[in-house]
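Q: In case you want the letters, here they are:
There are 2 protein chains.
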Amino acid sequence: MTVVALAGGVGAARMLTGLSAAVPDPSSITAVVNTGDDLVLHGLHISPDLDTVTYTLAGAISRSQGWGLEGETWNAMAALDRYGGESWFRLGDKDLATQLYRTQRLRAEGATLSQVTAEIARAWDVGVQLLPMSDDRVATRVTLAAGDGPDEEVSFQHYFVALRHDVAVRSVRFDGVESAKPAPGVLDAVAAADRIVICPSNPIVSIGPVLAVPGMADAVRSRRDDVVAVSPIVKGAALKGPADRLLAELGHEPSVVGVARLYAPYAATLVIDEADAALAAAVEQESVRAVVAPTIMSGPAEAKALGDVVLSV
Amino acid sequence: MTVVALAGGVGAARMLTGLSAAVPDPSSITAVVNTGDDLVLHGLHISPDLDTVTYTLAGAISRSQGWGLEGETWNAMAALDRYGGESWFRLGDKDLATQLYRTQRLRAEGATLSQVTAEIARAWDVGVQLLPMSDDRVATRVTLAAGDGPDEEVSFQHYFVALRHDVAVRSVRFDGVESAKPAPGVLDAVAAADRIVICPSNPIVSIGPVLAVPGMADAVRSRRDDVVAVSPIVKGAALKGPADRLLAELGHEPSVVGVARLYAPYAATLVIDEADAALAAAVEQESVRAVVAPTIMSGPAEAKALGDVVLSV
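The listed protein sequences correspond, in order, to chains A and B. Per the working numbering, the first sequence starts with residue 1, numbered consecutively. Per the working numbering, the second sequence starts with residue 314, numbered consecutively.
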């Protein structure tokens, strides 16, 4: 069975470990990862979602943080404080090496993001095939719903990290997406997969950019019957991050029903948590089959169990 | 007394500590530092000579290495090895912060190298005014005297670090220098200084680029009577680095006499080491006054003593 997973960061990374454990060969899984929250800082090309997925699949992610590397040191960041440098985006010393390598390959050696992503995954012995959604630059931009003043548009990471996503949002756009192409292999993988999984990631800012790459929405829609989405919303709340507030701020219902409505054009099936079992009927009114299962991946066993559900429904 | 010092890396850094100790106010000293060996690696703008001078004047330089920071850690470099990344140019974790800050200021915030250099110096409480020789990119390129094959041109750092300057050199050029301008304040400082010091740095690849910036050679020549050079060659050998071999390979005599010949258009006076006292007459035959003094700066006292000599002759 071949699987394509549309992926954001932490939730997707856990889903991918579960899917990996649920198949005989992880290389039958291709993850198409959001790069809309990539940023250039200190001259470095940083790909937070790709790194979170890679480090998680490698078993090297910091468990306490959910991002970055276990056993990390922070000497560069601490030294940056001497200069009053931009230390709001935390890069551990070992994590920095990933950014140094990616940047050197992209800028000096003419590699594509796809190539570097594969090299980094191989170095970490990750079996899942990792693809960026695009080799072209797409930048998720967030317009804050500031009180009186003019709208303020900031980068996704500024919103997410510097402002700790603790501000209301008026709109989201994906700068550059119109001229972006899916990374090599993405459309073929979507066309050929036995199962397409929309991971429990933020629908707006993690899955949204992936589907916004020209060609992707059509490709996924045409496979709708084989597409299974997993709701990132449980009992009206995001397990992590601002998905619930973002949905509400942008006019969507922050519930599994709202998620069903968003994903209805793409997915025939939505896996919702047992805690939302009472909403199964409402989900199905959106023309999406509801599958009720435990979706909270608190450990490898729970992640594998969810992987089994997603692949067997 | 105002002083301008033309500076490369280690030898210049020590000379500057000596000059600082020899004047009432270090801010009366302006160092014009070689940036021909700057490099872009991992997307970062690295300025090795500026950093060596800054760290040395801050008392933060690694004594054992002569470059980089004391008490440094190497976690990023070690992690880079996982990817087979470019780890030949060693950047400690704290030193990386300097490169991150410089790059962010230059690339994202539109600062000039002069501005960033001043900010970094201020952060380290360096009293000496540090100026890059130019805000424009000048890249020292080295053509290797390869055996049979075609000449191979490499970057200075490739020659100096990756090849450990253990190969013969056919020629040296300063790419981009024709269109470079002296950094703001450089020419004014040279014109106004009571004393101009050519530090004991490599005449070819450290002082050479500084004098090659258009306007600099004329500016220094016009102050010849007030220019004192310190020979980086003692008893026919460089204290550190390849200056002796480079001089010989490029057709110069690797001795204080060869240095006198090179600097004769610029400097009325050359300080040579006591070990070379017998060559004083030969130096003066090059129309350069020879001052014999201990020039080996093994510690702060020796550096200050040499500073006193340079300022008093």
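I should point out that these hints are in silico values taken from the structure, not numbers from a laboratory. Bear in mind the structure is a predicted one, so any value in this text is a computation, not a measurement. Ideal placement from N, C-alpha and C gives every residue a C-beta, glycine not left out. Just so you know, not all the hints are guaranteed correct.
[What the hints assert, rightly or not] Sample of chain B residues at the chain A side, in silico, Cβ under 8 Å:
#1 Gly356
#2 Gly379
#3 Glu383
#4 Thr386
#5 Ala392
#6 Arg420
Q: Against this structure, judge whether each hint is valid.
A: Here's how the hints hold up against the structure:
1. Of the supplied interface hints, the one on glycine 356 of chain B holds, with its beta-carbon coming within about 4 Å of a beta-carbon of chain A, less than 8 Å.
2. Taken as an interface hint, glycine 379 of chain B does not check out: its beta carbon lies about 20 Å from the nearest beta carbon of chain A, beyond 8 Å.
3. The criterion of a C-beta within 8 Å of any C-beta in chain A is not met by glutamate 383 of chain B, whose closest approach is roughly 13 Å, and the hint is violated.
4. About 5 Å separates the beta-carbon of threonine 386 of chain B from the nearest beta-carbon of chain A, less than 8 Å, and the hint is met.
5. The interface hint given for alanine 392 of chain B holds, since its Cβ lies 3 Å from the closest Cβ of chain A, which is under the 8 Å cut-off.
6. For arginine 420 of chain B, the shortest C-beta to C-beta distance to chain A is roughly 5 Å, which falls under 8 Å, so the interface hint holds.
Taken one by one, the earlier hints fail for this structure at numbers 2 and 3, listed in ascending order.
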